[in-house]
Amino acid sequence: MTSETDAKQIADAAPRPAAGGRAASAPLLGRATEPTIFELSQPGRRSVQLLTTGVPEWPVDELVPVEHRRDVPVRLAEVSERDLVGHFTRLSHRQFSVDLGAYPLGSCTMKYNPKICDAVAVLPGLAAVHPGAPASLTQGWLSLLVELEEVLCAITGMAAATLQPAAGAAGELTGLLLMRAFHAANGEQRHRVIIPDSAHGTNPASVTLGGYEVTTVPSDERGCVDMGALREVLDTDVAGIMLTNPNTLGLFEEEIAEIAAAVHEVGGLLYYDGANLNAILGVVRPGDMGFDIVHMNLHKTFATPHGGGGPGAGPVAVSERLVDFLPGPRPVRRLGGVSEGNTFSPSEFAWVEPSRSIGRVHSWHGNALVLARALTYILVHGSDGLQRVAERAVLNANWLRVRLAGVFDVPFDRPCMHEVVLSASTLRKEHSVKALDVAKRLLEEGFHSPTVYFPLIVDEALMIEPTETESLQTLEALADALEAIVVEARSGDQSAWAAPRTTPVSRIDEARAARTLVATFDARR
Amino acid sequence: MTSETDAKQIADAAPRPAAGGRAASAPLLGRATEPTIFELSQPGRRSVQLLTTGVPEWPVDELVPVEHRRDVPVRLAEVSERDLVGHFTRLSHRQFSVDLGAYPLGSCTMKYNPKICDAVAVLPGLAAVHPGAPASLTQGWLSLLVELEEVLCAITGMAAATLQPAAGAAGELTGLLLMRAFHAANGEQRHRVIIPDSAHGTNPASVTLGGYEVTTVPSDERGCVDMGALREVLDTDVAGIMLTNPNTLGLFEEEIAEIAAAVHEVGGLLYYDGANLNAILGVVRPGDMGFDIVHMNLHKTFATPHGGGGPGAGPVAVSERLVDFLPGPRPVRRLGGVSEGNTFSPSEFAWVEPSRSIGRVHSWHGNALVLARALTYILVHGSDGLQRVAERAVLNANWLRVRLAGVFDVPFDRPCMHEVVLSASTLRKEHSVKALDVAKRLLEEGFHSPTVYFPLIVDEALMIEPTETESLQTLEALADALEAIVVEARSGDQSAWAAPRTTPVSRIDEARAARTLVATFDARR
Amino acid sequence: MADYLPHTDEEIAAMLAFLGLSHLDELFDSVPEALRLAGGLRFAEGAPEPDVLAHIEQLADANRARGDRLVCFAGGGAYDHEVPPVVRALAGRSEFVTSYTPYQPEVAQGVLQAVFEFQTMVARLAGLPVANASLYDGSNALVEAVNLGVAASGRRTVWVSTGVHPHWRAVLATFAAGTGHELIEIPLHEGQTVWPGDDGGPGGTPGVLVAGYPNYLGCLEDLGEARRRCDGYGAMLVATADPVAAGIVRSPGDWGADVVVGEGQPLGTGLGFGGPYLGLFACTMAQVRRLPGRLVGETVDTEGRRAYVTTLRAREQDIRREKATSNVCTNQTLMAVTAAIQLGWLGTAGLAEVALRCARGTRYLREALLELDGVSPLTGNSPVVREFALRCAVPAPVVIERMADQGFLAGLALSDLIGGDDDGSVSPDDASHGLLVAVTERRTRAELDAYVAALDKAVRG
Amino acid sequence: MADYLPHTDEEIAAMLAFLGLSHLDELFDSVPEALRLAGGLRFAEGAPEPDVLAHIEQLADANRARGDRLVCFAGGGAYDHEVPPVVRALAGRSEFVTSYTPYQPEVAQGVLQAVFEFQTMVARLAGLPVANASLYDGSNALVEAVNLGVAASGRRTVWVSTGVHPHWRAVLATFAAGTGHELIEIPLHEGQTVWPGDDGGPGGTPGVLVAGYPNYLGCLEDLGEARRRCDGYGAMLVATADPVAAGIVRSPGDWGADVVVGEGQPLGTGLGFGGPYLGLFACTMAQVRRLPGRLVGETVDTEGRRAYVTTLRAREQDIRREKATSNVCTNQTLMAVTAAIQLGWLGTAGLAEVALRCARGTRYLREALLELDGVSPLTGNSPVVREFALRCAVPAPVVIERMADQGFLAGLALSDLIGGDDDGSVSPDDASHGLLVAVTERRTRAELDAYVAALDKAVRG
Ligand SMILES: Cc1ncc(COP(=O)(O)O)c(C=O)c1O
Ligand SMILES: Cc1ncc(COP(=O)(O)O)c(C=O)c1O
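Line order of the protein sequences matches chains A, B, C and D. If you read the first sequence in this note's numbering, its first letter stands for residue 1, the second for the next number, and so on. If you read the second sequence in this note's numbering, its first letter stands for residue 1, the second for the next number, and so on. If you read the third sequence in this note's numbering, its first letter stands for residue 1, the second for the next number, and so on. If you read the fourth sequence in this note's numbering, its first letter stands for residue 1, the second for the next number, and so on.
Isolated chain A (complex conformation) (with noise of 0.2 Å):
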């Protein structure tokens, strides 16, 4: 392929890795180390093959004027397609997954993620759309687009919904413009946003892009919004209030009705962080709690993957006063337009910007492949499997806080919702066991941990969300484990300081990773 000596020409002039290319092989279930990729590199070697296309084949200087032209090639790692598949076939069995077993991480919703969706995700009508493409050519897009944000304006109770932030943090930003914009529009400027101090950290984080102040309201000792608290701090000057029901520590808020209404009266607004929506589906509505402003979490809820950290899609939801604020361009059914079964006239939808549009907040149109996976999760369970879903996990949360409530301490001692917070407070006082040392030891026994030390307000904290898709049996398993680990703690074996120690690596300095910061192979040197 003459076409590569361009190319070639490039690469022969990059710096070389001293000794690169040893070793590419690694323990079945060992515990070596996998070498990086950079390191399994052997300059000269390579996977990538391209179409023939029978273009021209210019060379690089009479296409790149020299002043823009790099002079050093990108150096990247030189593989073989075997060394590559081997390479991250083994950092794959390196990684703990929904796949390989129970992930009881509260506040992520780590339930099954059925397989259908990645089938969805592939189907070269969907795949391989360009997303400039006019409304004209991808009617089927937008077809989903708008099934997907009617089957979420059923669920939260909404009017209109915006399916463009692509996480619940992009949701939250979103929705807090759309409050300042709906109190801009109103003639107001408002500055202060209320959260509870059990509000996940992207709540303060967010107001403060919104360009507002955190007001924090404290929970009382049910664990819920202190009445007094909220009105002592509700003025005209505050522009809404972000909450989520049941809250983080899988309670639910009953006095929402009072809250809406007292934030209501000073003129706010009240945002939604569906982050534990999963525990209501069916049984009651954010709107119908008199919520304004809702995102959803559709890789927690409705069970996209969440991918290692993402990707993930937080649509924003709106009751009818913001829908004209919401960002654009949005998806429409144009009037009057009717599908015939499954065939389209290229009309029948079209892309409109809201009147009062914030404006865009994302390059395209959201995360698309991931919304389809939603839509087809939501799709399949319908109407009563969402409500069946919610019940099933509140079951199962509630039967982990009954079966461990005699071995951790239960800061809020009462029926839970999808999630139960639990606390190692008096291990750590006994036994000196720490939440983060159960966390450890109980990754040797084959189970994710619970999400630890969150939220703030409850002092070794255990957040365990089951889940609905896990079986009473599994949670049989994890709570014995649970239990185990406790029994052995109090037996004053302190095997959990140790732990893990069947895992692919053992506990874990993070210290030294903050105090000489090696953020690329390059700075290992």
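Just so you know, the hints here were simulated from the structure itself, not pulled from any lab data. Idealized CB from N, CA, C, for every residue including glycine. It cannot be assumed that every hint is accurate.
Some chain B residues close to chain A (C-beta under 7 Å, calculated; not the full set) [to be verified]:
{"#": "1", "residue": "R82"}
{"#": "2", "residue": "V85"}
{"#": "3", "residue": "T89"}
{"#": "4", "residue": "L100"}
{"#": "5", "residue": "Y112"}
{"#": "6", "residue": "D197"}
{"#": "7", "residue": "T469"}
If you want the ones that stay clear, here's a sample from chain B, every Cβ over 12 Å from chain A, calculated [said to hold, decoys possible]:
{"#": "8", "residue": "R69"}
{"#": "9", "residue": "T215"}
{"#": "10", "residue": "V233"}
{"#": "11", "residue": "E254"}
{"#": "12", "residue": "S491"}
Let chain A serve as the given structure and place chains B, C and D with the ligands on it in line with the hints.
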């Protein structure tokens, strides 16, 4: 779904496991046993979801006469989709594979299996085609099969091939039946087939099934067929000889021309066991060596994955005088039929029955999707690439041979082809560490073991076939690991006896499995 | 240059130097010059993956019978059943796909355990205590079963019902040329085997009887009758069975079969133009040491943990060589793993439900078609549960072509299956006009209705 | 009833009993009766997977612009690059797909190490020492970059070249409503930013300058000029860059950019109708404590083995809450892992080769199109390497519709991108007639020639 009522009635009648469903999580990289799917089962749980069809829901007793009706349903595991995924994903984490590391099993050619072939095997236009559809509706498939047959003939130097045999051994038996038919057509009834003592076990087993008696010829001190001994057993009762070249010692039978002449002289045929074809691609062709019948193991030479023991494909190519005996029907390109670009007239390709066909050897047309994978592999490499494959395979094996010469005994110490046979004979004698111990100890180092105790004629054989897709660095690491094991053994450290210890299970009691046969879950009680 | 080779030029030079060689050619010095291929292989040079993929995609496109173009009503051992994304995902895990035969059980527990589970499921389906880890396909499983039957009975005469799939009978005949078994084909009447009178049949006392349940025309036969014959002759009963129909019909083992074989394709493996499929094989405990191929057994490791390993290896070719029960080595393990996953997905109720839905669709379509002019029954009143044969007024191959133009793969022409001969299963005239139609759980009522309308046109003049 | 719930009726009963409850409803006793949803959710009941798949497939079928129907020449930040089967297979491994944020590093080394490798690759592409573990997309990465720039410079005035993608500028503007940044858009002339005279521009001394390299019209600009301005003002230079073009053009870091952001979609992520994509973000070491989002660092475990962990966590929202550098939590890790795999597949030579092939196709097509009547250049002689803008004699949306009928997705209409306004990047007339055309390494000469012929027709009257 009322349509499930009957199925449920049937299911309800099933005897329920006394205690099922326990445990549904297992340690990541831990060494806990994965329960069987039957132990994860809980009566009434389900994953299945079927299309809504609208077909009338007659109850089972209106459809199946009572004497044919099953009264107790087939008891299967009852698991949620989540548990199904967890179970088989965890099982996959207990399995070594090419994708995880080097797999230097001699005679098995465990090379990298390109991912593009997986993509080909799921193309709906190939995968969703019924094998009984007439040729007019399956021209693409027939074209593919003919194209594969043509390149296989070019590679082996033969006139035509059948693609029906599903593996190498099936090819062998097919070849022997071709031999039989050939002699019968000449009015001859011969009784013996010669195979060398180094031959693979399938060779003699196939000979028996082909209705012949095995005559074994010894190898000479150079590891090749002993010409003198061969001449002694050759007479007109000999139907043919089965050889692999290079042979199972990885050595090229240099006197192959003489062997061919001698066998042909008595009217016998030469059968080529293609298991070692990888060594000679583009260098020398079985047809040119004088072979009349050749099977290929596409799962070895042409990289179709072994699938934990199959599927494979074992096409058999023959010389001109055997073409009419090939199994039928055969896909052929019709004379005069010309395809333009990639459009086919519906009758360009057709199935024909060879005039003196031995008959079918497969329910349909062979392992079609395996054949499609192999064609893909061959086309990517092309005539030039396949030759590089052989060169690199032989280069790698010889590098290991020289590198390990001081470490193990080298029974036949001369240049090898694509694999090298070493011996742990001295190690065993002097340090009581057997080939098996070396193999087990190597597992701990992250490599699959070489083939051990084959070929049978080498004491404490360790047969290593690195294949061309392993890099020099991997060879170095493998050699270092083997050397370290030997050094360890020589130092009196008997770790190898206890090996492997870092694997999902430690050394297995094979004798017990045979003694107290438990071949099903139901046999456990 | 398209390949997957890691060697750089520098490395090749260094490796050659290490070997004391100066050129790659010298590696092949042991190959006599006269035999060497001059000028390399004679076909096209390599092409990059995307070029090759485009070529193969064009071939795929040329298959009119692809499932996304023609609605599939063809069966004959290969059926268009639901294979859900979850089964594809799990069976496609590269640890299963790219591993070898579990020679080193300590690093192969994944495949071994999956196969152990498969064996259990197949044994339960068959109604017999033991099953092996797979054979190539249904026909090859039948060959092995007959070999076992002959060895067990000590008699080479084999009565084969012509209700057994014609291709399988053809494969049996091919291999009988080597083993010398005498195959006697027994005719059907209206879809039921007419075993020879009790005075014995041709070829002397049979050692093995083979019958289909259901047979290839879709009919359920009275296996009890075959069993009684076997008891009389001291013969072995081999039954071919369909693993999906087994969801609602009696197990052949329950009828007293000694060996049950079947085509495992319906268990999670797609149509794939006929392969790779999966030969199912189950037998009685008495025959376990004659079992062909691989068998996984449970045992323990040195620490007493449950573990799996291939066992009774002394039956196999690599140990017993010419005395092995079979020559099979590479088999269809990945399909066995797939079947275990698919059966795990189906579960007790799911398998029954799929079988029931097939039976319902079969009933619905057959009844509607028999109302048409130009269509008549071919197997009398024999019970059918997943597939049935019809006699059309025009030759079946013509019907199939016409139906393709209307969007259906209408079924299989009996003449194609039988290969034209009068094989005794149906009359020659029924053979040329006979159409074998299969209805799976994936066929909707709308599709069935459309099929009826299309066939109504297709069978005219 | 279609769902994935394991609970059997018996288990539900037992669990309720354990809780002292008699009905599932009682679990929700804390929800005030008045708020409870009577009669359940108001949309269709659940449907089995195959029904839903059929529905979604029909929607997919309704997209005319799918890549298997229209040959793609659209770009604008989303490109039709080769994503080989090997990258899809690896990135699709369920351990990567179904894991969470690596909160427990001991069981998350797979994702952590892949991200560490990704960070290294992105830093090298950008020509800067550190990169984060991904942001939502290019536009959101730009928002974060500007936030960082404002924080670092202490000044809220931001000069944004209109060469920055119009959608990204729109997103910047949306979020500026919250942060209060003053965005000043700087016009282009023939594809090059015309920075205000040295006497300073509107809005006072800028704290941040933002420029595209290449800009959204495909042009390479003189970043040195922007750098000089920044040095003069003590401002931060933020460059948006394309990771594929980076294979042959200078790194923005090399030009002196303080922060480089980009859309990572070209690195192994398909078009996917715009998401999930991948925000790339790299910066100087001086700014590392202002870096938004997740960062993986190397460390050791208790046994001294190399290990990875998320680090400098004190920047993040879960620790710093309202004082965090960003609110990002869930990001695009899977796409980052995918990019690491794709870049591993490309290697040093492969990335350069892809960039070169894009540049060749761009040159070939642009030259041929400019020969046509009714087509004229839009960005003068500015150098282009992967994408270019043309002025057509008829409005671009019309051209696109006409080209679709001939089998092409011809490109993007500038008017669609800009949203109709006169944004300063091109004249209003150029906006309405401007077509942005991208050529990737997947486009063959035959396709380019056919495109030319088709456009020749499309731009007539
Ligand atoms: C309570 C809560 N709110 C908000 C978020 C932020 O959502 P995302 O991670 O999708 O940005 C989370 C995520 O963990 C959460 O648990
Ligand atoms: C030398 C030799 N011959 C024949 C065979 C049998 O081939 P298969 O396993 O494909 O039936 C093998 C397989 O290992 C082999 O190595």
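Tested hints:
1. About 4 Å separates the beta-carbon of B/R82 from the nearest beta-carbon of chain A, less than 7 Å, and the hint is met.
2. Hint on B/V85 holds. Least Cβ distance to chain A is approximately 5 Å, under the 7 Å limit.
3. For B/T89, the interface hint holds, since its Cβ comes within 7 Å of a Cβ in chain A; the closest pair sits about 4 Å apart.
4. Given hint, B/L100 at the interface with chain A, holds; its Cβ is 6 Å from that chain's nearest Cβ, closer than 7 Å.
5. Taken as an interface hint, B/Y112 checks out: its beta carbon lies about 4 Å from the nearest beta carbon of chain A, inside 7 Å.
6. Taking 7 Å as the C-beta contact cut-off toward chain A, the hint placing B/D197 at the interface is violated, the least distance being around 34 Å.
7. A cut of 7 Å between beta carbons decides the hint on B/T469: the least distance to chain A is about 5 Å, and the hint holds.
8. In this structure B/R69 is separated from chain A by more than 12 Å, as the shortest Cβ-Cβ distance comes to about 33 Å.
9. Every CB of chain A is more than 12 Å from the CB of B/T215 (nearest about 42 Å), matching its label as outside the interface.
10. With a minimum CB-CB distance of about 44 Å to chain A, B/V233 clears the 12 Å threshold, and the non-interface call stands.
11. Every CB of chain A is more than 12 Å from the CB of B/E254 (nearest about 32 Å), matching its label as outside the interface.
12. The claim that B/S491 is not at the interface with chain A holds, since no C-beta of that chain comes within 12 Å of its own (minimum 22 Å).
When held up to the earlier numbered hints, the structure conflicts with hint 6 and nothing else.
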